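Visitor: Here are the chains, one letter per residue:
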Amino acid sequence: MTPVLSLKNYQAFFHTRRGVIKAVNGISYDVFPGQTLAVVGESGSGKSVSQLSYLGLLTGSPLQIMGGEVLFHGEDLLKMNDSRLRAIRGDKIAMIFQEPMTSLNPYLKIGTQLIEPLVIHRKKTKREAWKLGIEALERVGISRASTSMDAYPHEFSGGMRQRVMIAMALTTDPQVLIADEPTTALDVTVQAQILELLKSIQKEKKMAMILITHDLGVVANSADQVVVMYAGKIFEKGSVDDIFYRSRHPYTQALLRSTPRIDRSDGPLPAIAGNTPDLLMLKEGCPFAERCTFKETVCEERFPEANVLGPQHIRFCHSEKVGA
Amino acid sequence: MKTQGPPLLVVKDLKVHYPVRTGVWNFSEPRFVRAVDGVSLELFPGEVLGLVGESGCGKSSFGRALLRLQEPTSGTLTVLDQNFLNLSGKALRHFRRHIQMVFQDPYASLNPRMTIGEMLAEPLRAHFSLTSGEINHRVDEKLTQVGLSPPSKKKYPHEFSGGQRQRIAIARALILNPKILIADEPVSSLDVSVQAQALNLLKEIQSSAELSMIFISHNLSVVKTISDRIAVMYLGKIVETGQREELFRSPQHPYTQALISAIPIPDPLKERQRKRMPLLGEIPSPEKPPSGCAFHPRCPWRVERCSQDPPELEVTQSSASHRVSCFEAGKAHPL
Chain A
4 MTPVLSLKNY QAFFHTRRGV IKAVNGISYD VFPGQTLAVV GESGSGKSVS
54 QLSYLGLLTG SPLQIMGGEV LFHGEDLLKM NDSRLRAIRG DKIAMIFQEP
104 MTSLNPYLKI GTQLIEPLVI HRKKTKREAW KLGIEALERV GISRASTSMD
154 AYPHEFSGGM RQRVMIAMAL TTDPQVLIAD EPTTALDVTV QAQILELLKS
204 IQKEKKMAMI LITHDLGVVA NSADQVVVMY AGKIFEKGSV DDIFYRSRHP
254 YTQALLRSTP RIDRSDGPLP AIAGNTPDLL MLKEGCPFAE RCTFKETVCE
304 ERFPEANVLG PQHIRFCHSE KVGA
Chain B
30 MKTQGPPLLV VKDLKVHYPV RTGVWNFSEP RFVRAVDGVS LELFPGEVLG
80 LVGESGCGKS SFGRALLRLQ EPTSGTLTVL DQNFLNLSGK ALRHFRRHIQ
130 MVFQDPYASL NPRMTIGEML AEPLRAHFSL TSGEINHRVD EKLTQVGLSP
180 PSKKKYPHEF SGGQRQRIAI ARALILNPKI LIADEPVSSL DVSVQAQALN
230 LLKEIQSSAE LSMIFISHNL SVVKTISDRI AVMYLGKIVE TGQREELFRS
280 PQHPYTQALI SAIPIPDPLK ERQRKRMPLL GEIPSPEKPP SGCAFHPRCP
330 WRVERCSQDP PELEVTQSSA SHRVSCFEAG KAHPL
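Protein chains in written order, with this note's numbering: chain A, 4 to 327; chain B, 30 to 364.
No lab work stands behind these hints, which were simulated from the structure alone. In this text the structure is predicted, and so the values were computed from the model without any measurement. Ideal placement from N, C-alpha and C gives every residue a C-beta, glycine not left out. Hints may contain errors.
[To be verified] Derived DMTMM-like pairs (lysine to aspartate or glutamate); straight-line CA-CA distance at most 25 Å:
#1 K304/B to E207/A
#2 K202/A to E214/B
#3 K299/B to D79/A
#4 K11/A to E207/A
#5 K299/B to D227/A
#6 K299/B to E287/A
[Stated by the list, open to error] If the Cβ cut is set under 7 Å, some of the chain A residues that face chain B in the computed set are:
#7 L58
#8 N278
#9 N310
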């Protein structure tokens, strides 16, 4: 299978007055059609920046792309001119964001916003687009779709707004959907509905999805492939089963152990010591070293090479003592 | 867990209704948001009671009402055998040292212009006449207890990470050695790797100081980790309450069941095999709660009676400490 999107040694740094923040520091992975790749990490891991930056969505910030390639069907998005990128973004590569409250314009009717991609990218007339918009709302389970087109965002609940965002992202039949914490702001009963909806649409359309999340439960529920990020680096990647059952990275393992879960209840959680690192103060070597129970001298000297464990399973760790 | 002895806190039929302003020239009946609509519960010595519910269910309003940070509209509130709602002025301020709170956002709940030391010393000065040596000693002791070094007291909040700030907020809530701690989403803003530390710390302090705690959260996995007993809230009312194990082993209310089944488990094989209980729609507005049982429009079990009579919180057949408010609970309901 050929990947629809490939990141190759991609780097994006913030140049701030206090110093350089290596938000995305040389990451590589492939995204395949019909599959969901979850990018997991805590705040500051670079999971969102790694996606938004190559789409040109962080231009107002002091972000600079420092190197690497982002290939969409073999074509490097980083070398494209603005108009070419604009033609792909929101059409072949679509996005949904965490905040359904702020990502819709409160002054415009749902319908007006919903048909925008069709009018801009597909050159549809307003009348045609409006009809397609009603169908799009029906597909995401919004009842009375035609009246909903005339409603304003404030008339909708959080879950309904997220459905509208999904409908909007899907109007152009994208090949890649980037979902940045799509259910984090929603209640858990609504989250379950939205995750189901995304899964069913994705299977039907053979669309690739990049799911950015901090929630390991959501990953287990929805992902085929997983990339674990920490301080701008990839620590481990593999199939969802590789990561949950055969992880050989101390951070992945510790993260899994320290997550509270409803199917267990035993004494105190095995917490990870220390705090997530300050990206301005990163030293040489592995950024997890100071919190890691497997730390060796070499860990503070250089970041580890890729250690291939299986057909898809790769970890970046020096220690041979990390058990499966 | 020691739940012997009479309860420290008794809440009866507590209501918090917020008036809705509809403009100056509107002379129609005033409307109210019924954030908390008749909650009764007890908190026993040394116990952690988890209060769980989705956004808008009234759990935070309830927590604030327990400290009278939000005045209850009606109901009674007995804390340490005192009628807490009758206290005012100096007596109220003095009494509040027994019941303290930790808030969700450690960035907003610490004064950025005060050092940690000043912040922790302030309540001591307000409540007791201690020498500065004694105050210093108490501050150092609390900082150590929450895992921070005594020299941190010279620093300002911005010098700490989110997890450390939450430790400071916990130290501040505990500096007066309260009997009761209300923790409103205390770990929700923290990253997973730091969240576990904060949870362990809270649990450790709670059991060593024989503190009673109400732990409010939307996250049932977190609530399960720390609580002895759990109460599930929906639209201003408690729909089910029971000992932790009981509630998870045999949840009786359809909402509790749906809530438990909706939470993703970080285990792909389990996730693939799980059957979820489908819930229609979302939580309705507490301004116009549905008639009868507030859950009935979303309920897969509803019968005619549900839209007419509100069910009471009643003891289940299985256990005296397990109570549920549902007409259809205990009957067979295939998924």
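Visitor: Hint by hint, note whether the structure agrees.
Guide: Each hint tested on the structure:
| no. | hint | in the structure |
| --- | --- | --- |
| 1 | K304/B to E207/A | holds, 21 Å |
| 2 | K202/A to E214/B | violated, 30 Å |
| 3 | K299/B to D79/A | violated, 39 Å |
| 4 | K11/A to E207/A | violated, 29 Å |
| 5 | K299/B to D227/A | holds, 15 Å |
| 6 | K299/B to E287/A | violated, 39 Å |
| 7 | L58 | violated, 25 Å |
| 8 | N278 | holds, 5 Å |
| 9 | N310 | violated, 22 Å |
Checked against the numbered hints given earlier, the structure breaks hints 2, 3, 4, 6, 7 and 9 and satisfies all the rest.
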